[in-house]
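Colleague: Could you build all of it, start to finish, from the sequences and the hints given here?
Protein chains: 4
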Amino acid sequence: MVRAGILGATGYTALELIKILLRHPEVQITAVTSRQAGRPPIASVHPQLTRRLDLPLEDLDAQALAERCDVVFSCLPHSASASSVKAIADAGVRVIDLSADYRLRDTASYEQWYGDSHHDPDRVGKVPYGLPEYFAEEIRSADVVANPGCYPSSAILPLAPLLKMELIEPDDLIIDAKSGVSGAGRTPKLQTLYAECNESLSAYNIGRHRHTPEIDQVIEMISGQHVEVVFTPHLAPMDRGILTTSYARPRGHATETSILGALREFYMDKPFIRVVDHLPATKDVAMTNYCDMTVRSSRGRVVIVSCLDNLVKGASGAAVQNFNVMFGFPETTALI
Amino acid sequence: MVRAGILGATGYTALELIKILLRHPEVQITAVTSRQAGRPPIASVHPQLTRRLDLPLEDLDAQALAERCDVVFSCLPHSASASSVKAIADAGVRVIDLSADYRLRDTASYEQWYGDSHHDPDRVGKVPYGLPEYFAEEIRSADVVANPGCYPSSAILPLAPLLKMELIEPDDLIIDAKSGVSGAGRTPKLQTLYAECNESLSAYNIGRHRHTPEIDQVIEMISGQHVEVVFTPHLAPMDRGILTTSYARPRGHATETSILGALREFYMDKPFIRVVDHLPATKDVAMTNYCDMTVRSSRGRVVIVSCLDNLVKGASGAAVQNFNVMFGFPETTALI
Amino acid sequence: MVRAGILGATGYTALELIKILLRHPEVQITAVTSRQAGRPPIASVHPQLTRRLDLPLEDLDAQALAERCDVVFSCLPHSASASSVKAIADAGVRVIDLSADYRLRDTASYEQWYGDSHHDPDRVGKVPYGLPEYFAEEIRSADVVANPGCYPSSAILPLAPLLKMELIEPDDLIIDAKSGVSGAGRTPKLQTLYAECNESLSAYNIGRHRHTPEIDQVIEMISGQHVEVVFTPHLAPMDRGILTTSYARPRGHATETSILGALREFYMDKPFIRVVDHLPATKDVAMTNYCDMTVRSSRGRVVIVSCLDNLVKGASGAAVQNFNVMFGFPETTALI
Amino acid sequence: MVRAGILGATGYTALELIKILLRHPEVQITAVTSRQAGRPPIASVHPQLTRRLDLPLEDLDAQALAERCDVVFSCLPHSASASSVKAIADAGVRVIDLSADYRLRDTASYEQWYGDSHHDPDRVGKVPYGLPEYFAEEIRSADVVANPGCYPSSAILPLAPLLKMELIEPDDLIIDAKSGVSGAGRTPKLQTLYAECNESLSAYNIGRHRHTPEIDQVIEMISGQHVEVVFTPHLAPMDRGILTTSYARPRGHATETSILGALREFYMDKPFIRVVDHLPATKDVAMTNYCDMTVRSSRGRVVIVSCLDNLVKGASGAAVQNFNVMFGFPETTALI
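Respectively, the protein sequence lines represent chains A, B, C and D. Using my numbering, count along the first sequence one by one with no gaps and you end on 336. Using my numbering, count along the second sequence one by one with no gaps and you end on 336. Using my numbering, count along the third sequence one by one with no gaps and you end on 336. Using my numbering, count along the fourth sequence one by one with no gaps and you end on 336.
No lab work stands behind these hints: they were computed from the structure. Bear in mind that the values here come from a model prediction, so they are computed numbers and not experimental data. Wrong hints could be hidden among the right ones.
Here are some, though not all, of the chain A residues that point toward chain B, as calculated from beta-carbon distances under 8 Å [said to hold, decoys possible]:
1. Tyr12
2. Ser117
3. Arg186
4. Tyr194
5. Ala195
6. Val227
DSSO-like, lysine-lysine: derived pairs with alpha carbons at most 30 Å apart [claimed, not checked]:
7. B/Lys270 / B/Lys164
8. B/Lys126 / B/Lys164
9. A/Lys189 / B/Lys189
10. C/Lys189 / D/Lys189
Partial selection, computed: residues in chain B whose CB lies under 10 Å from chain D [stated by the list, open to error]:
11. Asn198
12. Gly207
13. Arg208
14. Val230
15. His234
16. Arg299
Cβ atoms here follow ideal geometry from the backbone N, Cα and C, with glycine treated the same way.
Modeller: Okay, structure coming up:
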């Protein structure tokens, strides 16, 4: 059994992660941390875990965790995460970081977009990006893995191969993404109150969302082509799911049929990517680790629709997928 | 034109009130208050009011308001409300208090349920309860009116006449009420986050909800019969609406048909009460000042279903209805 | 009083229309039609109208309606609408057609997109497009008005003036629109069941939606520039509202600030258009006749966000706005 | 491997059942039936099953199924179900019937409530009721099991033990239940359209719901006490979940604490029953086979709150739990 610890266990990402790990036959959760005083049982903040996980929320003590865990998943917010990840990784424990701290590959870009100096600059750029569909080799032997952002996963998974296969042009990419509210976290804020979000849909952070440089960077890493995407995130009145509609120009003689066929073949062996003929809905992938995608052609544009569950393939499911790769288990264990 | 001021203008109740008053041909809103610094325009906290109400949020200065208003609506929280209401009413301006502060008719009961000593004890018990279907006479000439709670309105409107007409027994009343989330206010709290409330339904405050003594008291005032209701509120995943299912025992030879007929006749002249044959849904009354109700008989029980919009007939619509009565306008002005 | 009849009164558009007309001081609804047998009261299909409109649903008899109405609103589906509109207009009664039948200005285009020959070909191309912000002059004296589609209104209102003022390029327009489910009508279908739509978001009819040629045509009529928009509609889990995110290229030296300023000035006198600085949400315009819009610049693109309530400014509110123009009432009567 | 067939595979219950069985290490789904023409792949009606279950929807041929299945789950509607269940069970294959056909223990009651003569009268009353918490012994060896209704499970699980332990009185039971919309099935109907259900809550079938005699009967079987419950179902705007609030009178000296303690001890060994101190929400049990419950005391009443996922513990999860008992697998396999 692999002993797993979870940092920042009170949010939605951690809850989803715990539920997946509880189904994993080779994992035992041995520690969950939070700044809550008095070591309350985790079920007191996540009633869903009643009778399922009987652990107290404990303070984060990197040294103590290192002794009781073989792997640590960090669900801490960015900046806070890097400090703890560094301490734990330095103590020799493998870490999957669900925060944004290790995703951008240079500290300048990190500082520009996150407004903070990095707490573990030496690892920046050396940590693999945790998209096993592309980086399984590096992930397998990594001490730290940077788990992807939810929006980036939904956009990169369809766009990167189309660019790599030279089926779309790199210089005119528009990504219009719609996310459920759980993506905004569990800290009480006016904007995420039920009576604000329900029956409402809005765009936010246009041109300023931190996932923008992440999308650019990873698409370039995979496809070898420089891109500067126009990325518009939206908040939609649902718990879960991201639907991303991307607009590109076809390259050469690419048609709807040829692009769809090439994409299907490209992903044939990836268990969590489903290239479909119909227009997928977020409900098709809710509570699963799948990313569904398809392609349409309209008036000289390629319209690419992709969707995933922001808390599963967009966060915790991907984290377990990375874990499986790192520890030599079948990639789909606990995920199908 | 009647000049109106609104205290505590940043919440949902105030927003609804403003939208109704903007349709009122005899009202001009002259002041809106809030503790926000810097006198921001009200549209900056309520984007719905853009181009509709061009007023700054100002500090609450009772004396200044008294000079600029003929009527003041208080949407302040309980306890805070009574202090301001007292100052404004003492200055000779009529007040409709949407808080709970003047609903209970003795200070001891208030202190027991609200855990606070009352800031305006002299008015307690002398202020009419703002249910114009029953207390229009007192409301007409009142300086202060206690606007009813949302749950109490939904329960009292069907139950009080049935008790008064001796069609149901007073000693065995169960009230199972389901409310939309806007009733919980606009202050950010974990419990009212979208991702907590959506796809979830729960009971809360069983046996401890502050609307319990209010229901008891007003039913007794209207029907002359002592009751101690069992009241269970629930939170349902919707913005608006309360559906209240009440269970009583029929008295004498009352049947479903006779009760329904008596209720229909009782409310024939009340413009906002609709006694219907079908089972009403909260959507039937959403955004309106109606209270729909019907009756069924099952296995020796009378099952009474009533519904209203918690922000309209349950709060701001009722407030304007009271205003119309107080200022001699047709009761339905701006409300139908 | 203007006597109004409503054809096809059982759907959502008709219900919204009736609720608005009931608030109109100069209108009396005299007839509502539907194919329902037995002349049931309209409140039996729309419980919201209980005690508000006491009319039976009657068969559509154009001649009889012409005698009892000064204006007729058709909420019939396309194709069925033109037949009835023709009969009623030929009898000398003015008609506002909420269907798509008179929007496209040539029968060939109509036949191509709607797959039907037109039942009133002589009027095609002569009926004004019912967007009073642009065509008030023609609407004023028209016998028939073609009420705009919901998606087209949301896209045309921000894009047409930007093209007309030469602030964006005409040859590269992407319109990504998200609509609530009421837009799909009230006929029971698998795709619009609650348990299919809730917690789900999807694109549909990419490149094939019938609003595409309507958008092209009206933008061209207003701006004088030929466009072929890429239009992607989405279904979002909410009752009401359309949020449209459009992507264009700036023309000349246009900047975010200059475009926003020009747009604000352009619409200064239009009571239902609110050009705002913040990113608007559908909730800001729900149940109102407003269209809110703003502009952002990102990486060489102009991102334009606009929203409206699909049943009000997108259908029935616009119809009443047209009615007001046609009959000489203030444009905002019953709408603010 | 146990070979499983599923009758009536196009609805929500069947989809949930398939998703659970796909996680079951000892099951292989070998047949799925539906009246769809042309043997379409099941993924064409359930896109969630893409790449997960590659079977065509075939016509229901009892004899052919009997040869290819070791167990059959019937998700057919009542009446239709009994005909097929009879044929398959007579052919020697074990059946779990998720319809209501075998729940009531006499044909007269069945005919009264379901308005149909029974198609397999010889088995009526001999088939165990599939609540393994109580009837595991009979289920273990049964050829046919009657899977419980969703509302009955939510009500029986807390009430039956309290009656059996003589902690509440049997002659005054009120059950106020609120269900998500998936419980109403996947056949398109006006009442279950998104735009009808969303933002709406209503009671339905008061005193006439077919689950009423099922609740009476099973409580009596378990507790030995005759009951006639007052049962009011409600439709709430959410996909999943039932929250049931029951009202009873305490018996003898029973208190909140003693009742809660007794209930907790009673269910200590049942893996899917969680007796909790807090007030549970449907979200706590969504997508799980748990039933959460607690007890409060108020003004001489015992208020009992219980909840479960109507499609899991209320239908397909319970079916797999029954399957596990019947085939000798650990009761929790594929369910935790």
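Colleague: All the hints need checking, so say for each whether the structure fits it.
Modeller: Hints, verified against the model:
{"no.": "1", "hint": "Tyr12", "in the structure": "6 Å, holds"}
{"no.": "2", "hint": "Ser117", "in the structure": "30 Å, violated"}
{"no.": "3", "hint": "Arg186", "in the structure": "7 Å, holds"}
{"no.": "4", "hint": "Tyr194", "in the structure": "4 Å, holds"}
{"no.": "5", "hint": "Ala195", "in the structure": "4 Å, holds"}
{"no.": "6", "hint": "Val227", "in the structure": "32 Å, violated"}
{"no.": "7", "hint": "B/Lys270 / B/Lys164", "in the structure": "17 Å, holds"}
{"no.": "8", "hint": "B/Lys126 / B/Lys164", "in the structure": "23 Å, holds"}
{"no.": "9", "hint": "A/Lys189 / B/Lys189", "in the structure": "7 Å, holds"}
{"no.": "10", "hint": "C/Lys189 / D/Lys189", "in the structure": "8 Å, holds"}
{"no.": "11", "hint": "Asn198", "in the structure": "8 Å, holds"}
{"no.": "12", "hint": "Gly207", "in the structure": "3 Å, holds"}
{"no.": "13", "hint": "Arg208", "in the structure": "8 Å, holds"}
{"no.": "14", "hint": "Val230", "in the structure": "5 Å, holds"}
{"no.": "15", "hint": "His234", "in the structure": "7 Å, holds"}
{"no.": "16", "hint": "Arg299", "in the structure": "5 Å, holds"}
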